[in-house]
Amino acid sequence: MSTTESPANGIGPVESAPVYGVDNPAPLIEAPRRRTKKTPRSTRGNFEMAAWLFMRLSGVVLVVLVLGHLLIQLVLDGGVSKIGFAFVAGRWASPFWQVWDLLMLWLAMLHGANGLRTVINDYAERATSRLWLKGLLYTATVFTILLGSLVIFTFDPNIR
Amino acid sequence: MPAGTLYRGREGMWSWVAHRVTGVLIFFFLFVHVLDTALVRVSPEDYDKVVATYKTPVVALLEYGLVAAILFHALNGLRVIAVDFWSKGPRYQKQMLWTVVGVWVLLMLGAIYPVLGHAARVLFGS
Numbered sequence: 001m002s003t004t005e006s007p008a009n010g011i012g013p014v015e016s017a018p019v020y021g022v023d024n025p026a027p028l029i030e031a032p033r034r035r036t037k038k039t040p041r042s043t044r045g046n047f048e049m050a051a052w053l054f055m056r057l058s059g060v061v062l063v064v065l066v067l068g069h070l071l072i073q074l075v076l077d078g079g080v081s082k083i084g085f086a087f088v089a090g091r092w093a094s095p096f097w098q099v100w101d102l103l104m105l106w107l108a109m110l111h112g113a114n115g116l117r118t119v120i121n122d123y124a125e126r127a128t129s130r131l132w133l134k135g136l137l138y139t140a141t142v143f144t145i146l147l148g149s150l151v152i153f154t155f156d157p158n159i160r
Numbered sequence: 001m002p003a004g005t006l007y008r009g010r011e012g013m014w015s016w017v018a019h020r021v022t023g024v025l026i027f028f029f030l031f032v033h034v035l036d037t038a039l040v041r042v043s044p045e046d047y048d049k050v051v052a053t054y055k056t057p058v059v060a061l062l063e064y065g066l067v068a069a070i071l072f073h074a075l076n077g078l079r080v081i082a083v084d085f086w087s088k089g090p091r092y093q094k095q096m097l098w099t100v101v102g103v104w105v106l107l108m109l110g111a112i113y114p115v116l117g118h119a120a121r122v123l124f125g126s
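Those protein sequences? They're chains A and B, same order as listed.
For the first sequence, the working numbering begins at 1 and goes up steadily by one.
For the second sequence, the working numbering begins at 1 and goes up steadily by one.
Be aware that one or more of the hints could be misleading.
[Stated by the list, open to error] Covered, in the sense of this in silico footprint (three residues per stretch, anywhere, with C-beta under 8 Å from a C-beta of chain B), are these stretches of chain A:
1. 24 to 34
2. 73 to 83
3. 97 to 111
4. 147 to 155
[What the hints assert, rightly or not] One side only, chain A facing chain B, incomplete, derived with CB under 7 Å:
5. GLY59
6. VAL61
7. VAL88
8. ARG91
9. THR144
[Claimed, not checked] Computed Cβ-Cβ distance ranges for the label pairs, DEER-style:
10. A:ALA140 / B:GLY65: 20 to 26 Å
11. A:PRO40 / B:GLY65: 47 to 53 Å
12. A:ALA140 / B:THR99: 52 to 58 Å
13. B:SER87 / A:TYR20: 46 to 52 Å
14. A:ASP23 / B:ARG20: 55 to 61 Å
15. A:LYS82 / B:TRP104: 38 to 44 Å
16. B:LEU107 / A:ARG56: 17 to 23 Å
17. B:GLY65 / A:LYS82: 31 to 37 Å
18. A:ASP122 / B:PRO57: 32 to 38 Å
If you are wondering where the hints come from, they were derived from the structure by calculation, not from laboratory data.
Here the structure is a predicted model, which means the values were calculated and not measured.
Every residue, glycine too, gets a C-beta built ideally from N, C-alpha and C.
Chain A extracted, bound-state conformation (with noise of 0.2 Å):
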């Protein structure tokens, strides 16, 4: 590249006169972004943030759940070898065991829903492998998510 190009094409030589001037003016570039009457006041929701919040909030919530949950179900009272139908039954008959169940299914499968979203983010680059990989997990997290709330409402220990 040669350092004598003509002002014309808007490259000067370094530390010489300036390319534009009055009678040469610069051509006017319009902004990336540029605000119309049409651009709405915010150009992006807060949809990100409200994810990023959800999951500090819903992480911390999520070490007691699931740190009780293996707590008895691995190590106390023989771990796991005393689980079974009865064992179900048993802690399920409690409101209490019922609501913490149900907290633990809807935050650990929205927690982890949303950071599979931000893998297939960041790994899947063509934009209809996003859709399709998204459009799978979704439809999988939502049946997952009501599948388990019904087994958890409808539950019944004199099934047979």
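We have chain A already, so just place chain B on it with the hints.
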């Protein structure tokens, strides 16, 4: 490698990688776990049959791995919150990571007997 990402190495990056990997693993387990628990609406026998496989030594080892993933994700998640909300959090992020790793090692040692004891009794007799 996706464009526009910046991998800087060391504690910050590797804890982020581990947080991501453990999070995805836990989420996939959660789907399976809700489905197996849903069997209580089918019949007590079907539920007990599936839970019986959870008591085998191989799955007990997987459960130990699940506990490892959950404990790291929980402890490092608290560290992330401290980095975001505590004014001195970013300055002490490395020290906090090594605290997380230390507490994690202690809890994993403590979980050996409760989680793997049953499998050891099945394998080697009580």
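So, going through the hints one by one against the coordinates:
no.: 1; hint: 24 to 34; result: violated (count 0)
no.: 2; hint: 73 to 83; result: holds (count 7)
no.: 3; hint: 97 to 111; result: holds (count 3)
no.: 4; hint: 147 to 155; result: holds (count 6)
no.: 5; hint: GLY59; result: 5 Å, holds
no.: 6; hint: VAL61; result: 11 Å, violated
no.: 7; hint: VAL88; result: 5 Å, holds
no.: 8; hint: ARG91; result: 11 Å, violated
no.: 9; hint: THR144; result: 5 Å, holds
no.: 10; hint: A:ALA140 / B:GLY65: 20 to 26 Å; result: 23 Å, holds
no.: 11; hint: A:PRO40 / B:GLY65: 47 to 53 Å; result: 48 Å, holds
no.: 12; hint: A:ALA140 / B:THR99: 52 to 58 Å; result: 35 Å, violated
no.: 13; hint: B:SER87 / A:TYR20: 46 to 52 Å; result: 48 Å, holds
no.: 14; hint: A:ASP23 / B:ARG20: 55 to 61 Å; result: 58 Å, holds
no.: 15; hint: A:LYS82 / B:TRP104: 38 to 44 Å; result: 26 Å, violated
no.: 16; hint: B:LEU107 / A:ARG56: 17 to 23 Å; result: 22 Å, holds
no.: 17; hint: B:GLY65 / A:LYS82: 31 to 37 Å; result: 21 Å, violated
no.: 18; hint: A:ASP122 / B:PRO57: 32 to 38 Å; result: 37 Å, holds
In this structure, the hints that do not hold are numbers 1, 6, 8, 12, 15, 17, in rising order.
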